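Chemist: Chain H: place on chain F using the hints.
Protein chains: 2
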Amino acid sequence: MRIVIVGAGASGLTLASNLRKNDDESEIIIFTKYEEIAYSPCAIPLVLGGCIESFDEIIMHEADYYRDKNIQLHLSTNVTSVDSTNKSITFEKDGKNDTITYDKLVLATGSDLINPEFDIDNMDNIHPLTNIDDGRLIQESIKDKKDIVFISNLSIGIESAYELAKNGYNVTFLEQSPNILPLFLDNELSEKLVELNNNVTFETNANIKYITTKYSRKEIKYNDKIISADVIILPNIKVPSTSLAKMAGCEIGDFAVKINEYLETSVEDIYAIGDCVEVKSHITGTQTYSPAGTTAVRQAMILANNLTGNRITFEPVVNTVVSQVGNYYYASCGITESFADMIGMPVVSQIIETRQKARYYPDNTRLYIKMLCKYDGTIVGCQMLSKSDLSSRIDVLSFAITNNLKCRELVQKEFSYSPSVARIVNPLVQLALEISKKIE
Amino acid sequence: MRIVIVGAGASGLTLASNLRKNDDESEIIIFTKYEEIAYSPCAIPLVLGGCIESFDEIIMHEADYYRDKNIQLHLSTNVTSVDSTNKSITFEKDGKNDTITYDKLVLATGSDLINPEFDIDNMDNIHPLTNIDDGRLIQESIKDKKDIVFISNLSIGIESAYELAKNGYNVTFLEQSPNILPLFLDNELSEKLVELNNNVTFETNANIKYITTKYSRKEIKYNDKIISADVIILPNIKVPSTSLAKMAGCEIGDFAVKINEYLETSVEDIYAIGDCVEVKSHITGTQTYSPAGTTAVRQAMILANNLTGNRITFEPVVNTVVSQVGNYYYASCGITESFADMIGMPVVSQIIETRQKARYYPDNTRLYIKMLCKYDGTIVGCQMLSKSDLSSRIDVLSFAITNNLKCRELVQKEFSYSPSVARIVNPLVQLALEISKKIE
Chain F
274 MRIVIVGAGA
284 SGLTLASNLR
294 KNDDESEIII
304 FTKYEEIAYS
314 PCAIPLVLGG
324 CIESFDEIIM
334 HEADYYRDKN
344 IQLHLSTNVT
354 SVDSTNKSIT
364 FEKDGKNDTI
374 TYDKLVLATG
384 SDLINPEFDI
394 DNMDNIHPLT
404 NIDDGRLIQE
414 SIKDKKDIVF
424 ISNLSIGIES
434 AYELAKNGYN
444 VTFLEQSPNI
454 LPLFLDNELS
464 EKLVELNNNV
474 TFETNANIKY
484 ITTKYSRKEI
494 KYNDKIISAD
504 VIILPNIKVP
514 STSLAKMAGC
524 EIGDFAVKIN
534 EYLETSVEDI
544 YAIGDCVEVK
554 SHITGTQTYS
564 PAGTTAVRQA
574 MILANNLTGN
584 RITFEPVVNT
594 VVSQVGNYYY
604 ASCGITESFA
614 DMIGMPVVSQ
624 IIETRQKARY
634 YPDNTRLYIK
644 MLCKYDGTIV
654 GCQMLSKSDL
664 SSRIDVLSFA
674 ITNNLKCREL
684 VQKEFSYSPS
694 VARIVNPLVQ
704 LALEISKKIE
Chain H
274 MRIVIVGAGA
284 SGLTLASNLR
294 KNDDESEIII
304 FTKYEEIAYS
314 PCAIPLVLGG
324 CIESFDEIIM
334 HEADYYRDKN
344 IQLHLSTNVT
354 SVDSTNKSIT
364 FEKDGKNDTI
374 TYDKLVLATG
384 SDLINPEFDI
394 DNMDNIHPLT
404 NIDDGRLIQE
414 SIKDKKDIVF
424 ISNLSIGIES
434 AYELAKNGYN
444 VTFLEQSPNI
454 LPLFLDNELS
464 EKLVELNNNV
474 TFETNANIKY
484 ITTKYSRKEI
494 KYNDKIISAD
504 VIILPNIKVP
514 STSLAKMAGC
524 EIGDFAVKIN
534 EYLETSVEDI
544 YAIGDCVEVK
554 SHITGTQTYS
564 PAGTTAVRQA
574 MILANNLTGN
584 RITFEPVVNT
594 VVSQVGNYYY
604 ASCGITESFA
614 DMIGMPVVSQ
624 IIETRQKARY
634 YPDNTRLYIK
644 MLCKYDGTIV
654 GCQMLSKSDL
664 SSRIDVLSFA
674 ITNNLKCREL
684 VQKEFSYSPS
694 VARIVNPLVQ
704 LALEISKKIE
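Those sequence lines, one after another, are chains F and H.
Our numbering applies: residue 274 is where the first sequence begins, and numbers increase by one.
Our numbering applies: residue 274 is where the second sequence begins, and numbers increase by one.
In isolation and in its complexed conformation, chain F is listed as follows:
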């Protein structure tokens, strides 16, 4: 069997490695238009901030790692067309075209950055921030500079902003939404995050008009203000790369390539995973576009099982995230209250400020949690903020939400306890009981 994978991002490469673990014999062939593969985009802020020494360190594997596993890897190669009737693809490298057939085709084509809506007179010292090349260019660009402006960005941008501020840069973050990280945090916790971490200047509701160049500096006009900067980082708004899927005749949904729970497109023997597909939201039951590295990897691992005889479903998403910004972590799962308002879902919410450890324990970090539940008590969202690692804490909520747990049922669940790491009544339980009382 020949399995052809288009795309060597998190989903394509994870699929190839996991397929090979389960299957010694199939031919596995990957095509990517890029020269550099297998790095961790989430680590770009850490290199910019100097916590990790160089971009080379975040490259997980060289191409030979895959080739040694008998995975064929075509770098700098564009797949130009798909013929699903004859089950073949055409690709181009160094100006030469070639065609090969496939038994199974996996589209892991990812996403493309879209251009910002405001005018920019020239792109010197203005960068997007999505891949390792952007990271390298930014690193070069900020040398001996002082003033950096970020425009509306998600985790990778906020993390980078704080990393640069930590290193003495004067960083301003212009957010076009009413609060930062609007996909993950409601205004209470995003404002708290900004307040606690005060070395980046934030401006929300920033309506960016244009960017112009004045000598070697940039000027950004927003609302009725003009600020200047040495280097500007653009928003990273992504759109799914669906052209090959369209060419193959795959059904495209409202947002991206449509797949079923087995990650199959509407065309036989063609699968799609990663940033090019749309997924179902566990909370709303509707389709959504939610590109995330964790989703891409999960889809790849599930598809590797499905293609080798262990059918597992890919389940609707709840968007479980964690991120370190400055000295704090935030985490989120499910929907925010502002999203609930937007779609007209009535919810009851509550915030608590508590501590991570037993009350009497020294060196105790603050913990802010917001939870929201539907009127029937079903938990639909949770946001957290703390100086302590929140990754597993939000994973617990992710399990609770995917299990459709009602807030009152959290009290039935076992949580571990020791005074140096936890509280005898887990704050999630305390919060859930407060919400259940509000609901009554």
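The list cannot tell twin chains apart, which means a pair is met if one copy fits it or any two copies do.
With a straight-line cut-off of 16 Å between C-alpha atoms, the simulated EDC-like cross-links for lysine to aspartate or glutamate are:
1) Lys-294 / Glu-713
2) Lys-710 / Asp-297
3) Lys-377 / Asp-542
4) Lys-511 / Asp-385
5) Lys-710 / Asp-296
6) Lys-519 / Asp-356
7) Lys-294 / Glu-707
8) Lys-377 / Glu-300
9) Lys-419 / Glu-492
10) Lys-511 / Asp-407
11) Lys-531 / Asp-542
12) Lys-531 / Glu-541
No lab work stands behind these hints: they were computed from the structure.
In this text, all values refer to a predicted model and were calculated from it rather than measured experimentally.
Modeler: Coordinates of chain H only, in the frame set by chain F:
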């Protein structure tokens, strides 16, 4: 309505406070034979080690805190009998007896320490380690001393042993079982814990014969050896206090007071919670005795709901624990492999040694995880060891086990990721997939 609670440990006091939150009107009356209440027994090792300054700091509330909430609190008062026909109890204080009636009676009578099986010539400088009084006596006893011996103890003992070693004491731990913490860890991880944390001397399979006194020192004969010590800490083996329950005619199971899922005993209007009851194991479906502070508090919170009109069930336990010993944490949930062997349950297990954070992240802590699954893939146990806080990490497994998740299904679950706190493929998923391959 008059609710009478016998016992003011974690279960009795939590029940009273939570009842009062839901119910302004009922009379709530607590009886306890002790003078001191509302402290955190789990914090005793931290006071012994000096991390918390004094035993006074781990007292969460004074009696007045409860009295201010209109909870009647009778300290130093023995409840001597229960008459379930007339719905009354008799109690004794300062030699005087009195009787009151109840509408609802809650037995939160806790457990008693049993005497060790070996001979002890006199009890000077020999202490049990269960309550705050023991803690104070030990603190006094170890002053200007050097050699401390612990005998077979669970978390509170192991934690204290390391806390004292940290402060320069010469600490030996004699474990009667083949490995330390046998209820929570199999030998691989308990040996690893001992190896990594090397400032306490452990002797396993120690068959203690007797303790004698020589001048001001103690001599302990075990196996064919004799060691001497200044102070000895005894095992804390507990038996449920069931005498009042028996008097009331409540059914007693193989281990302790029998309750149903609503925490009702077999006698109408009598409930029982905390260390005096037996519970059902989620894994085996059979009754077991598993006294734990977290269980006591959970039962109390659930009963507070049930007595005020929101019936919630108390679910079978999976024994989710976390503990800090020296510089490491261990955590455990479900059953151990040695327990599975003992009850004849066939399981497949696997251990991984991994890192908490992304591979390239500096200051990355080791993480050891063992998981065990039944032949159908159902996860039945998990043990972890790390320098980083494991409390929420084990809570995730607790949710997985109570949901009867199969190892392969873990790959369907969302886990959060950021390189500074997690790995893109959660180690639990990696481990689960390895086990599912072993099962095939």
